[in-house]
Amino acid sequence: MKIFPGDQGRILYRYNNQSLLNAIVFGGGKIEKNYSDAGFVSSESSSTLEIDIRNDYTYDGALLVTSKTHYVSQFHLTNAIVHYQYDKLFRIRSIMFRIGSLQLPTTEFVYNSKTGRIEQIGNF
1 MKIFPGDQGR ILYRYNNQSL LNAIVFGGGK IEKNYSDAGF VSSESSSTLE
51 IDIRNDYTYD GALLVTSKTH YVSQFHLTNA IVHYQYDKLF RIRSIMFRIG
101 SLQLPTTEFV YNSKTGRIEQ IGNF
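Quick note: my numbering has the sequence shown finishing at residue 124, numbered continuously throughout.
Careful, some of the hints might be misleading.
As the list claims (entries may be wrong) - Straight line, CA to CA, 25 Å or less: simulated DSS-like cross-link-like pairs of lysine-lysine:
1. Lys68 x Lys30
2. Lys33 x Lys68
3. Lys88 x Lys114
What the hints assert, rightly or not - Computed beta-carbon distance windows for the label pairs:
4. Gln120 x Asp52: 33 to 41 Å
5. Gly9 x Pro105: 36 to 44 Å
6. Tyr13 x Ser42: 32 to 40 Å
7. His76 x Lys114: 45 to 53 Å
I should point out that these hints are in silico values taken from the structure, not numbers from a laboratory. Everything numeric in this text was worked out from a predicted model, so none of it was measured. Even for Gly, the Cβ is constructed at its ideal location relative to N, Cα and C.
Given the sequences, and given the hints that come with them, work out the whole structure.
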């Protein structure tokens, strides 16, 4: 537990049997994390008085492939899905975004063939 100066707030950190952080409890809410057998975050949820957010993650080996975000609130926020693709050197090649039913343009990453340094991200 962490107590801030003047007793202005408290935060409780909980860990699982593998010493991975699985919950943070604070005055306004709670954050919970679940892990895959490989030790990667498979899902996390955040709850406060106004909003609940759940993130689900899918991996291919050690590479994050999909991130899904689901909102439950009075503000009617839109859910989001992000897909990641990698090249044969395990560098990010593209990111595809979908917010609600709107598919946004794919962001492509271009690398220098000699140095491996990133040369371009999307249109920039």
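Using the beta carbons of Gln120 and Asp52, state whether their distance is inside 33 to 41 Å or not.
With a Cβ separation near 38 Å, Gln120 and Asp52 satisfy 33 to 41 Å, so the hint holds.
Has the hinted range 32 to 40 Å been met by the Cβ atoms of Tyr13 and Ser42?
19 Å, violated
CA of Lys33 to CA of Lys68, is that 25 Å or under?
Holds - the C-alpha atoms of Lys68 and Lys33 are around 14 Å apart, at most 25 Å.
CA of Lys68 to CA of Lys30, is that 25 Å or under?
19 Å, holds
Indicate whether the distance between the beta carbons of Gly9 and Pro105 respects the range 36 to 44 Å.
42 Å, holds
Verdict for His76, Lys114 (Cβ pair) under range 45 to 53 Å
49 Å, holds
Taking only the CA atoms, is the gap from Lys88 to Lys114 under or equal to 25 Å?
Holds, at about 15 Å.
When held up to the earlier numbered hints, the structure conflicts with hint 6 and nothing else.
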